[in-house]
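**Q** Letter by letter, the chains look like this.
Protein chains: 2
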Amino acid sequence: MNRITRLFDIRYPIIQAGMIWCSGWRLASAVSNAGGLGLIGAGSMDPGLLREQVRKCKQATNHPFGVNIPLMYERNDEKFSILEEENVKIVVTSAGNPSTWTHILKDQGFTVVHVIANSKFAVKCQNAGVDAVVAEGFEAGGHNGREETTTMVLIPQICKSVTIPVIAAGGIASGKAMLAAFALGAEGVQIGSRFVATPESSAHPLFKQMIVEASEGDTMLSLKRIGPVRLLKNNFFREVHQLEDAGASADELSALLGQGRAKKGMLEGNLDEGELEIGQVSGLISELKPAGEIVEEIMKEFRDVQTKIIQYSFK
Amino acid sequence: MNRITRLFDIRYPIIQAGMIWCSGWRLASAVSNAGGLGLIGAGSMDPGLLREQVRKCKQATNHPFGVNIPLMYERNDEKFSILEEENVKIVVTSAGNPSTWTHILKDQGFTVVHVIANSKFAVKCQNAGVDAVVAEGFEAGGHNGREETTTMVLIPQICKSVTIPVIAAGGIASGKAMLAAFALGAEGVQIGSRFVATPESSAHPLFKQMIVEASEGDTMLSLKRIGPVRLLKNNFFREVHQLEDAGASADELSALLGQGRAKKGMLEGNLDEGELEIGQVSGLISELKPAGEIVEEIMKEFRDVQTKIIQYSFK
Numbered sequence: 000m001n002r003i004t005r006l007f008d009i010r011y012p013i014i015q016a017g018m019i020w021c022s023g024w025r026l027a028s029a030v031s032n033a034g035g036l037g038l039i040g041a042g043s044m045d046p047g048l049l050r051e052q053v054r055k056c057k058q059a060t061n062h063p064f065g066v067n068i069p070l071m072y073e074r075n076d077e078k079f080s081i082l083e084e085e086n087v088k089i090v091v092t093s094a095g096n097p098s099t100w101t102h103i104l105k106d107q108g109f110t111v112v113h114v115i116a117n118s119k120f121a122v123k124c125q126n127a128g129v130d131a132v133v134a135e136g137f138e139a140g141g142h143n144g145r146e147e148t149t150t151m152v153l154i155p156q157i158c159k160s161v162t163i164p165v166i167a168a169g170g171i172a173s174g175k176a177m178l179a180a181f182a183l184g185a186e187g188v189q190i191g192s193r194f195v196a197t198p199e200s201s202a203h204p205l206f207k208q209m210i211v212e213a214s215e216g217d218t219m220l221s222l223k224r225i226g227p228v229r230l231l232k233n234n235f236f237r238e239v240h241q242l243e244d245a246g247a248s249a250d251e252l253s254a255l256l257g258q259g260r261a262k263k264g265m266l267e268g269n270l271d272e273g274e275l276e277i278g279q280v281s282g283l284i285s286e287l288k289p290a291g292e293i294v295e296e297i298m299k300e301f302r303d304v305q306t307k308i309i310q311y312s313f314k
Numbered sequence: 000m001n002r003i004t005r006l007f008d009i010r011y012p013i014i015q016a017g018m019i020w021c022s023g024w025r026l027a028s029a030v031s032n033a034g035g036l037g038l039i040g041a042g043s044m045d046p047g048l049l050r051e052q053v054r055k056c057k058q059a060t061n062h063p064f065g066v067n068i069p070l071m072y073e074r075n076d077e078k079f080s081i082l083e084e085e086n087v088k089i090v091v092t093s094a095g096n097p098s099t100w101t102h103i104l105k106d107q108g109f110t111v112v113h114v115i116a117n118s119k120f121a122v123k124c125q126n127a128g129v130d131a132v133v134a135e136g137f138e139a140g141g142h143n144g145r146e147e148t149t150t151m152v153l154i155p156q157i158c159k160s161v162t163i164p165v166i167a168a169g170g171i172a173s174g175k176a177m178l179a180a181f182a183l184g185a186e187g188v189q190i191g192s193r194f195v196a197t198p199e200s201s202a203h204p205l206f207k208q209m210i211v212e213a214s215e216g217d218t219m220l221s222l223k224r225i226g227p228v229r230l231l232k233n234n235f236f237r238e239v240h241q242l243e244d245a246g247a248s249a250d251e252l253s254a255l256l257g258q259g260r261a262k263k264g265m266l267e268g269n270l271d272e273g274e275l276e277i278g279q280v281s282g283l284i285s286e287l288k289p290a291g292e293i294v295e296e297i298m299k300e301f302r303d304v305q306t307k308i309i310q311y312s313f314k
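Residue numbers (numbering that gives the first Met the number 0), protein chains in the order written: chain V, 0 to 314; chain L, 0 to 314.
By construction, these hints were calculated from the structure, which means they are not laboratory data.
Glycine included, each C-beta is placed from N, C-alpha and C at the ideal position.
Treat each hint with caution, since some may be false.
[Said to hold, decoys possible] One-sided excerpt, in silico: chain L residues whose CB lies under 7 Å from chain V:
1) V87
2) S118
3) A182
4) L287
5) Q310
[Stated by the list, open to error] The calculated lysine to aspartate or glutamate pairs, modelled on EDC-like cross-linking and capped at a C-alpha distance of 16 Å, are:
6) K119/V x D76/L
7) K105/L x D76/L
8) K88/L x D217/L
9) K314/L x E295/V
This is chain V alone, in the form it adopts within the complex:
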């Protein structure tokens, strides 16, 4: 037990990241049933779909689960109303200002977590009344911080700047990495990439296969002039990279990106033209595995490393 398991009333301090196109009710309920906290990724859902997903998730698990809502999209008020109506009271907000929604959500009895990548925003979260922060390092997939601070450096920095519990994200897909994050001061971990490579994730099978086959150096932080995002290297990535190398403007990059690239790649499996968001740790993922097994394996390895690490003695 720690502050994170108590906050969410869960068994293990493992949060499955709410990811666009990849984390619907099947994945979220599988993780929650295994003792972690599953999150439905609402960033790629309109309010109607979100309600449907939430209802299905409630049928699939009796354990707590939550919803990730990136604040940069529209119709947030409708989405939060649905969560209120459906009595799903754990929300992870991201990609926006924690001051805008937190006090409203807290008044309605929500548990509110916000995703950050630097101390300034962590302090802002704490002042806004957020219950915990997810601190996301440079190695994480998808949208990322401009400072490029890695998990190893970020977690101690965030723990120094706030007193609310810190959930580490970025580069974590194993019990070893979970223990490393705890050594750095985290009280929970948020895991994304590892849960995309599961039968329960709604990612396209071809995208899952590409994750399993990815190795070192196969992802790169890109599109920095628009907003940094970590991509798996494919034809689309190479087009972006060429433009960036030639000194392209944010407008030119936005024009290339266009609309619907992430859906095309991650949901529809167009591996050439799609935007494939995934973490650097995909290089360490070598097979698809059910989400529940992943949770159990991570916890087993966490305990094994605990036992191993205390044996080191340097006098």
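We have chain V already, so just place chain L on it with the hints.
**A** Coordinates of chain L only, in the frame set by chain V:
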């Protein structure tokens, strides 16, 4: 005791990075006297100066110390001859091919460590007969790998690919981070930035001050078209960044870089025009401190975190 303390015959598995302009005999002997392994950074020394530094270091400590020799510079044969003559038999090679020198050095009885940033080179090191590798993550200062793999992801990858011991580098300046590295599979840590901010380092006082004052986002991996190097943000960095943003070629960047930029900044204290190489972890360094105290503090914190981490129980 572990494979790293036995390999070097030292008390603590802490290696002080051999850094150009910053790590002469004063720093190396202070770290070795404190129970770690000090390294003289020969990259910025001609053979004559190296011999002088080695002799002074031998007078200042009875404990083992070593020398870092970046293979991309000239007169390596002379430098290795000096080490042989002076009976300093620990060498850390970097920035080059481990196959070129390792067998020669091993035949002469050297302990050989090589610095790498990906599994391919780690395997190459092992095949060449290297005794241990330093695996250096994206967050490390100075020259860096093209894959941009962070310490959190890199260490498990390297440990999976070789059986020789792995020394973790990049983002490590505390006992917490050391324990995190051990959880990931490392058996030693190489620490650079933290030891630059000591009275014993030969860095210019103004550079040391700038490290102490640095905070999040104040370093950035730069000059990727020539060879990636992590720099502290100053006027020179901003010039580089502008050129890169405009799509400058490697030649244009090399012309801007010119000769002697690192010396100008790090040794001579020209904070505007110099090239200031330092790690991302500088954001966590807030005061100058004697190298020996740093070693003791890291080991104390390592033990404290060991005790704390075993108390986590999730059932």
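**Q** Each hint: holds or not?
**A** Status of the hints after comparison with the structure:
no., hint, result
1, V87, "violated (24 Å)"
2, S118, "holds (6 Å)"
3, A182, "holds (4 Å)"
4, L287, "violated (19 Å)"
5, Q310, "violated (9 Å)"
6, K119/V x D76/L, "violated (50 Å)"
7, K105/L x D76/L, "holds (14 Å)"
8, K88/L x D217/L, "violated (37 Å)"
9, K314/L x E295/V, "holds (11 Å)"
Checked against the numbered hints above, the structure violates hints 1, 4, 5, 6 and 8; every other hint is satisfied.
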